[in-house]
Amino acid sequence: MGEDKMKLLTGVVVSDYESISFTELCHCCMLTQEQVLTMVEHGIIEPMEFQVTRSHWQFTSDSMLRIQTAVRLQRDLGVNMAGAALALELLDEIKTLRRLKDARQ
Amino acid sequence: MEYKDYYQILGVDKDATQDEIKRAYRKLARKYHPDVSSESDAEERFKEVGEAYEVLKNVEKRAAYDQLGANWKNGQNGFQPPPDWDAGFEFHSGDYAGSASSAADFSEFFETLFGQDGGVRYGAGSSDHAGYQARGEDSHAKVLIDLEDAYQGASRSLSLRATVLGKDGRPQLKERTLNIKIPKGVRQGQHIRLQGQGGSGMGGSPDGDLYLEIEFNSHSIYKVEGRDITLELPISPWEAALGNKLHIPTPAGKVDMKIPAGVSSGKRLRLKGRGIPGKTPGDFYVTLEIVLPEYLSEKEKTLYEALKLETQNVNPRSKLGV
Chain A
1 MGEDKMKLLT GVVVSDYESI SFTELCHCCM LTQEQVLTMV EHGIIEPMEF
51 QVTRSHWQFT SDSMLRIQTA VRLQRDLGVN MAGAALALEL LDEIKTLRRL
101 KDARQ
Chain B
1001 MEYKDYYQIL GVDKDATQDE IKRAYRKLAR KYHPDVSSES DAEERFKEVG
1051 EAYEVLKNVE KRAAYDQLGA NWKNGQNGFQ PPPDWDAGFE FHSGDYAGSA
1101 SSAADFSEFF ETLFGQDGGV RYGAGSSDHA GYQARGEDSH AKVLIDLEDA
1151 YQGASRSLSL RATVLGKDGR PQLKERTLNI KIPKGVRQGQ HIRLQGQGGS
1201 GMGGSPDGDL YLEIEFNSHS IYKVEGRDIT LELPISPWEA ALGNKLHIPT
1251 PAGKVDMKIP AGVSSGKRLR LKGRGIPGKT PGDFYVTLEI VLPEYLSEKE
1301 KTLYEALKLE TQNVNPRSKL GV
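These protein sequence lines are chains A and B, in that order. Take the first sequence: its position 81, counting from 1, is numbered 81 in this note's numbering, and each next residue is one higher. With the second sequence counted from 1, adding 1000 to any position gets you this note's numbering.
The hints are simulated quantities; they were obtained by calculation from the structure and are not laboratory data. Accuracy of the hints is not assured; some may be wrong.
As the list claims (entries may be wrong) - Only pairs whose alpha carbons sit at most 25 angstroms apart, straight line, appear in this in silico PhoX-like list of lysine-lysine:
| # | chain 1 | residue 1 | chain 2 | residue 2 |
| --- | --- | --- | --- | --- |
| 1 | A | 101 | B | 1031 |
| 2 | B | 1279 | B | 1184 |
| 3 | B | 1258 | B | 1223 |
| 4 | B | 1258 | A | 95 |
| 5 | A | 95 | B | 1014 |
| 6 | A | 101 | B | 1027 |
| 7 | A | 7 | B | 1258 |
| 8 | B | 1258 | A | 101 |
Model, not experiment: these values are computed from the prediction.
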């Protein structure tokens, strides 16, 4: 770890422009396809376009963060998938409202 | 080592029922969950609450803890459990599985009493670790940058404190410094993923990732909204009436901007593509604000008087019906 001090680390920006495929998403989040599919069914994440075949689905790369939050909420608070989806939606709303408030100040 | 009052942490009485403890825990877990809470010390509190519940939810551990609690004050600040504190208590391993938080995050106090896996301190529990594999946890941190850094890109040196497993298998707080490149075009709230820079994996599994959330320092003149930047630009009444070409500041440097004639306060002008750079760059908005000089000279007053006479038919309040 001592080398880290010298080395300049470059990360990947998790952004809402870049896309990630269904399989990549499952792999990154270490979840099975069924688990990720359930999240899509609950609207926690949404493919950029609903294609006929799942293997063609593309997601914005910040979907990864949403999935991870949903997993943590379920694990730590014992909420079910619908509860996690609701919490995420409300958190989004709070975020938007806070930004609006800050922008007005 | 500091003694931890698990009852106080959960805000329950010493004689609380198991149901009361469960209710108190669930409420506090929701309150301090790092994904939900806006409290600054949420993560720490959440771990503390999880640790307290880990002990109190289990009647065996709770009884052992209560026994200890009666005597702890003798030790005062430097708490050490008596060597046979748990004599006569039988623990069952395995009840730890599926618990809320990772055992590696528990306090030294907890580790001393219940061991690292939260099960039995002696015997069975530890052998389970052989052959155990798990990918390292992902870590999260915030990084504060200036708006200008998002325009130009920058590098930041970050000090992170993380719990890592020491050579003796016990968790230790370790501080490390990372040099991180902030790419041009990042926006508020975006995350940068640094692969393999999170928690260490166990048994040869890969390390977790480090996620850095970008936050902008508040700026004295610009407001940021997503990719777009807004500048409030003061102009004089005659500039508003006649129009003008002005130098205006942007995070990328000064630019010339044409103010059309006859603009009112609050009007928004757009400089396309001068917001935060990127594949789809943001826009730079200028909101005009007409300001009057604090003092008017006699000559200026006379000129305004003349203007008043000239514009007698103009009623800016016609829409208000007055």
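Okay, the hints, checked on the actual structure:
1. 101/A / 1031/B: OK: residue 101/A and residue 1031/B at ~23 angstroms, within 25 angstroms.
2. 1279/B / 1184/B: Satisfied, since the Cα-Cα distance of roughly 11 angstroms is no more than 25 angstroms.
3. 1258/B / 1223/B: holds, 21 angstroms
4. 1258/B / 95/A: violated, 35 angstroms
5. 95/A / 1014/B: violated, 39 angstroms
6. 101/A / 1027/B: violated, 28 angstroms
7. 7/A / 1258/B: With a Cα-Cα distance of about 46 angstroms, the restraint between residue 7/A and residue 1258/B is violated, given a limit of 25 angstroms.
8. 1258/B / 101/A: It is violated: about 30 angstroms lies between the C-alpha atoms, which goes past 25 angstroms.
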